[in-house]
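Chemist: Listed below are the residues making up each chain.
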Amino acid sequence: MNMKAQTVALLARVRKSAPLVHNITNYVVMNSSANILLALGASPVMAHSLAEIEEMTGIASALVVNIGTIEEIWLEAMLLAGRTANKKGIPVILDPVGSGATAFRTESVRRILDECRVSVLRGNASEVFSLAGSGVKTRGVDSSLSLADAHVDAARGMAGDLGCIVAISGPDDCITDGSRVFSVKNGHPLMTRVTGIGCGLSATVAAFCAVAGKDLLEATVSAFGFYGMCGDMAVKIADKPGSFEVAFIDCLYSAGEGEIAGMLDISAQ
Amino acid sequence: MNMKAQTVALLARVRKSAPLVHNITNYVVMNSSANILLALGASPVMAHSLAEIEEMTGIASALVVNIGTIEEIWLEAMLLAGRTANKKGIPVILDPVGSGATAFRTESVRRILDECRVSVLRGNASEVFSLAGSGVKTRGVDSSLSLADAHVDAARGMAGDLGCIVAISGPDDCITDGSRVFSVKNGHPLMTRVTGIGCGLSATVAAFCAVAGKDLLEATVSAFGFYGMCGDMAVKIADKPGSFEVAFIDCLYSAGEGEIAGMLDISAQ
Amino acid sequence: MNMKAQTVALLARVRKSAPLVHNITNYVVMNSSANILLALGASPVMAHSLAEIEEMTGIASALVVNIGTIEEIWLEAMLLAGRTANKKGIPVILDPVGSGATAFRTESVRRILDECRVSVLRGNASEVFSLAGSGVKTRGVDSSLSLADAHVDAARGMAGDLGCIVAISGPDDCITDGSRVFSVKNGHPLMTRVTGIGCGLSATVAAFCAVAGKDLLEATVSAFGFYGMCGDMAVKIADKPGSFEVAFIDCLYSAGEGEIAGMLDISAQ
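Protein sequences appear in the order of chains R, C and X. Last residue of the first sequence: 269 (my numbering), numbering continuous. Last residue of the second sequence: 269 (my numbering), numbering continuous. Last residue of the third sequence: 269 (my numbering), numbering continuous.
If you are wondering where the hints come from, they were derived from the structure by calculation, not from laboratory data. All values derive from a computational prediction rather than experimental measurement. Among the hints, erroneous ones may be present.
Which chain R residues face chain X? A few, computed with CB under 8 Å, are given here [said to hold, decoys possible]:
(1) Tyr27
(2) Val28
(3) Ser32
(4) Glu72
(5) Asn86
(6) Lys87
(7) Gly89
(8) Ala103
(9) Phe104
(10) Gly196
No residue lacks a Cβ here, since even glycine has one placed at the ideal position from N, Cα and C.
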């Protein structure tokens with residue numbers, strides 16, 4: 001299926017079935033992630049207490065784990081939720097916010113990757129590559145490769161070694177499962193000037209994966225394309241961060257087949 | 001007093017006296033609940049530490065307890081705040097977010113209802129009816145009753161058994177103290193596409209009850225009517241969720257006697 | 001240097017160097033403080049776990065400590081972060097939200113002031129003066145002084161005794177290091193009807209101080225002036241709190257030399 005038709009189909013399914021997305025996420029973005037999911041047509045729930053985490057993940061269609069303001073007790077909840085999601089067979093999206101900035105963050109992400117089957121690891125390049133351990137060959141910048149090519153190469157290596165989809169946000173997004181690689185050109189730099197836009201993409205990936213069936217790679221790519229496209233639409237309405245955020249939420253709610261046909265910019269590599 | 005005049009009077013009193021509303025609420029909506037209360041003219045405070053909860057409730061004019069992201073230590077704070085509010089004689093509004101979804105939530109709400117005198121239980125139908133225990137007759141759907149009538153009947157039964165006002169949000173809101181029943185038709189479905197709008201209604205009920213004196217039933221009904229009416233006004237300004245939320249806050253701040261006279265849609269049953 | 005040129009220069013430096021501001025702040029305003037810092041051109045990070053606090057403060061250019069929803073474990077994190085910032089020599093901005101309202105808040109702020117070298121104490125008058133202990137001479141309202149003069153006098157006394165800059169928000173802001181005193185007339189009452197605007201000013205002071213070098217007094221004054229001026233600009237675009245907040249964020253992002261030249265209203269006393 002071509003990616004435009006795929007994206008239209010998945011978006012329609014999100015809007016029709018309103019999948020419940022369980023978020024264990026950071027304090028900064030709880031409100032914006034909930035609003036992003038609601039605008040998209042999904043149903044967000046935030047819960048982190050060990051007293052209810054298994055039950056809550058148990059009724060969800062996807063799980064988002066985001067370490068943005070992590071503390072030790074939250075890590076336990078994330079691990080328990082991840083294992084519950086694995087038992088149930090629902091997708092697990094991991095957002096390694098700030099991985100690499102502190103040892104605690106990097107190690108927390110490693111533990112989650114070790115103890116749960118993560119479906120999609122979604123972050124920016126520095127976060128994702130902070131996780132490239134000795135077992136992961138980050139082949140560095142080969143003289144015959146551009147920097148972008150090197151990134152793609154390293155991402156593919158990580159995806160293969162981790163056994164999950166690696167999805168890197170940047171000027172050009174790179175999404176790979178270790179064999180196939182997609183590039184998404186949608187999105188605008190103003191998106192980096194509003195807090196929670198990256199985290200909201202992880203939630204959006206969860207919503208698309210929740211309704212995708214087996215091909216989580218294409219669902220992740222569609223989510224990236226649609227989300228970035230809504231950024232492209234919003235910046236035409238408002239080019240400053242306060243009003244841009246408002247317009248962006250509006251676009252997540254209103255964008256549809258017409259915009260996808262005209263603006264979605266996904267390519268397979 | 002007719003409900004329009006009552007609503008005008010209570011709103012004026014909120015704006016004049018700026019009652020301090022103590023919120024022990026969930027992480028997702030702390031910001032939006034604070035902004036809703038400020039727009040309305042009330043003074044929000046958020047505090048949850050056991051080290052200060054009694055003092056903080058002690059200077060407040062109303063208490064909101066909302067279990068949206070509850071954990072065990074927060075439940076202790078809610079119970080202590082509730083007992084403090086009871087001693088002081090200020091209204092306690094309980095928002096049972098997600099009750100019924102997990103046992104921990106349902107049991108937490110039951111404990112609050114058992115150990116504190118709750119003035120108003122405000123939620124949607126599934127949350128509220130998840131609390132209907134063996135002692136509460138939810139008479140089910142009698143063949144002679146429409147579904148709405150059955151809800152009203154069950155709500156009235158719960159209010160009588162719990163000894164508190166039961167206020168259910170929905171396409172038609174239903175508010176009852178076990179004997180009198182009011183219906184509010186104000187409000188718009190887009191309000192369900194913005195996170196924290198329901199929780200903000202609980203905070204608004206608290207602000208109205210804080211200045212109401214004895215008749216908390218009519219204060220709750222007025223709060224529902226005014227709040228829903230601001231949703232009706234906002235959707236005429238902006239019909240997508242990002243810009244709708246902005247317009248809704250603006251309307252809470254600016255709506256007054258003229259709009260109430262023309263748009264408030266409350267009926268006694 | 002005159003204060004307009006100083007403000008232009010500091011703003012340019014924030015936008016160019018994007019200083020990392022580490023915030024240990026309250027749940028209500030984490031999202032808005034992050035957006036305010038991003039709009040300004042700074043880089044926010046929120047982290048509060050004892051497991052990473054030293055590392056995180058260690059890579060930051062300024063620290064904000066805000067007690068708005070404090071609990072005991074967070075106080076420990078604030079103290080550790082404060083000591084780390086002191087060792088590293090980066091500015092520490094303390095926002096004593098609600099100090100005076102409960103003993104726990106007042107005592108928490110006192111402990112931070114005792115155990116860390118705070119660069120700037122930023123709050124409203126009642127918060128700041130709640131901290132005037134026996135060692136601080138709050139000379140009271142002398143019959144020969146207007147109320148405003150008495151405030152200035154008390155603020156100067158506190159700054160001298162505490163050995164930090166005291167910066168008080170109000171209709172006229174008062175900023176002093178115990179010898180020099182500045183007054184800022186920028187700002188609009190609507191700013192008090194949006195939650196987190198005061199806390200966002202503390203974060204803005206941190207961003208300006210992060211790039212200021214030695215003269216933190218003038219940096220604090222510039223931050224107050226620029227921030228209040230963006231409020232003055234925003235209220236011309238939107239005069240209700242929902243849309244005002246959006247416009248205010250936009251102005252923090254777009255305001256520059258032209259507006260500063262025409263609107264900044266700072267005076268040395």
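Chemist: Indicate, hint by hint, whether the structure satisfies it.
Modeler: Hint by hint, here is what the structure shows:
Among the interface hints, the one on Tyr27(R) holds; its C-beta lies about 5 Å from the nearest C-beta in chain X, closer than the 8 Å criterion. Below 8 Å, beta-carbon pairs count as interface contacts, and Val28(R) has one with chain X at about 4 Å; its hint therefore holds. Of the supplied interface hints, the one on Ser32(R) holds, with its beta-carbon coming within about 6 Å of a beta-carbon of chain X, less than 8 Å. With a least beta-carbon distance of about 6 Å to chain X, the hint placing Glu72(R) at the interface is held under the 8 Å criterion.
Hint on Asn86(R) is violated. Least Cβ distance to chain X is approximately 25 Å, over the 8 Å limit. The beta carbon of Lys87(R) comes no nearer than 28 Å to any beta carbon in chain X, farther than 8 Å, and the hint placing it at the interface is violated. Restraint check, Gly89(R) versus chain X: the minimum CB separation of about 31 Å is more than 8 Å; hint violated. About 7 Å separates the beta-carbon of Ala103(R) from the nearest beta-carbon of chain X, less than 8 Å, and the hint is met.
Interface hint at Phe104(R): satisfied, since its Cβ lies 4 Å from the closest Cβ of chain X, which is below the 8 Å cut-off. For Gly196(R), the interface hint holds, since its Cβ comes within 8 Å of a Cβ in chain X; the closest pair sits about 7 Å apart.
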